[in-house]
Amino acid sequence: EPEVTQTPSHQVTQMGQEVILRCVPISNHLYFYWYRQILGQKVEFLVSFYNNEISEKSEIFDDQFSVERPDGSNFTLKIRSTKLEDSAMYFCASRILGLAEQETQYFGPGTRLLVL
Amino acid sequence: DAKTTQPTSMDCAEGRAANLPCNHSTISGNEYVYWYRQIHSQGPQYIIHGLKNNETNEMASLIITEDRKSSTLILPHATLRDTAVYYCIVRVDKIIFGKGTRLHILP
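Quick mapping for you: the protein sequence lines, in order, are chains A and B. Take the first sequence: its letter number 96 is residue 393 in our numbering, and every next letter is one higher. Take the second sequence: its letter number 100 is residue 119 in our numbering, and every next letter is one higher.
Bound-form chain A, shown alone (with noise of 0.2 Å):
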């Protein structure tokens, strides 16, 4: 069955320094998204990407953050210069884009970053 994968699975920074989350979402699919989840906490989303632009964001995802999508299979999330609240457990997810009945997101494993 396809799956949502991403790496690093943890990532360990200073805080100051760049990091990048990387996701493969399902081949088909056209909608991505990013959420985090901070230790004891909400998954709460962070932004959404369709057609190679950013469709929706939180207030989280400030202009420290940005999002890519390199190639046909790569979807990227940058973090400009990490800060100690940006720990977390970072989520990638993917939907097709279509009929409602298709409207199912699919998360991946997560990536635990921790800034020191």
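Since the hints were derived computationally from the structure, they do not count as laboratory data. Where is the CB? At the ideal position from N, CA and C, for every residue including glycine. Hints should not be assumed to be uniformly reliable.
[Claimed, not checked] Once the Cα atoms are required to be at most 25 Å apart in a straight line, the calculated BS3-like pairs of lysine-lysine come out as:
(1) A/Lys375 / B/Lys22
(2) A/Lys354 / B/Lys88
(3) A/Lys354 / B/Lys71
(4) B/Lys118 / A/Lys339
[As the list claims (entries may be wrong)] Across the chosen pairs, the derived CB separations fall in these ranges:
(5) A/Gln314 / B/Glu77: 40 to 46 Å
(6) B/Thr24 / A/Glu365: 34 to 40 Å
(7) B/Ile58 / A/Asn349: 31 to 37 Å
(8) B/Glu85 / A/Lys375: 43 to 49 Å
Based on the hints, put chain B in the right spot on chain A.
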């Protein structure tokens, strides 16, 4: 946005059916009811969805009331691996996760 209400936590004995309720009284006519779960720190996992008819798949059954204001997710034979937080969601283009129901399966 349609809002959902779920109990904070539930217990279920292993091998028994787990019935997880959800209220979504403000759901609109074309919104589907989706259920996801999150097993400790893993990515949210899709379980099932439905519009107005009851649905069943290999993981669970979904019972939606005729007025569509509430639904119940049924795990027919709960196992310890079903211990997770279960989320009832009615908007899936941008999922807003609430607190969900923490399901404990008791051995």
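At the C-beta level, are B/Thr24 and A/Glu365 separated by a distance inside 34 to 40 Å? For A/Glu365 against B/Thr24, whose Cβ atoms are near 38 Å apart, the range 34 to 40 Å holds.
If you check the beta carbons of B/Glu85 and A/Lys375, does the distance land in 43 to 49 Å? holds, 48 Å
Sort out whether B/Lys22 lies within 25 Å of A/Lys375, counting only the CA atoms. violated, 31 Å
Lying within 40 to 46 Å: is that true of the beta-carbon distance A/Gln314 to B/Glu77? Given a distance of about 43 Å, which is inside 40 to 46 Å, the answer is holds.
Mind checking the alpha carbons of B/Lys118 and A/Lys339 for me, to see if they're no more than 25 Å apart? holds, 7 Å
Just tell me: holds or violated, for the beta carbon distance of B/Ile58 and A/Asn349 against 31 to 37 Å? Since B/Ile58 and A/Asn349 have Cβ atoms about 33 Å apart, the given range 31 to 37 Å holds.
Check the hint pairing A/Lys354 with B/Lys71 against an upper bound of 25 Å on the C-alpha distance. violated, 31 Å
Check whether the Cα positions of A/Lys354 and B/Lys88 lie no farther apart than 25 Å. Roughly 29 Å between the alpha carbons, so the hint for A/Lys354 and B/Lys88 is violated.
Violated hints for the displayed structure, listed by number in ascending order: 1, 2, 3.
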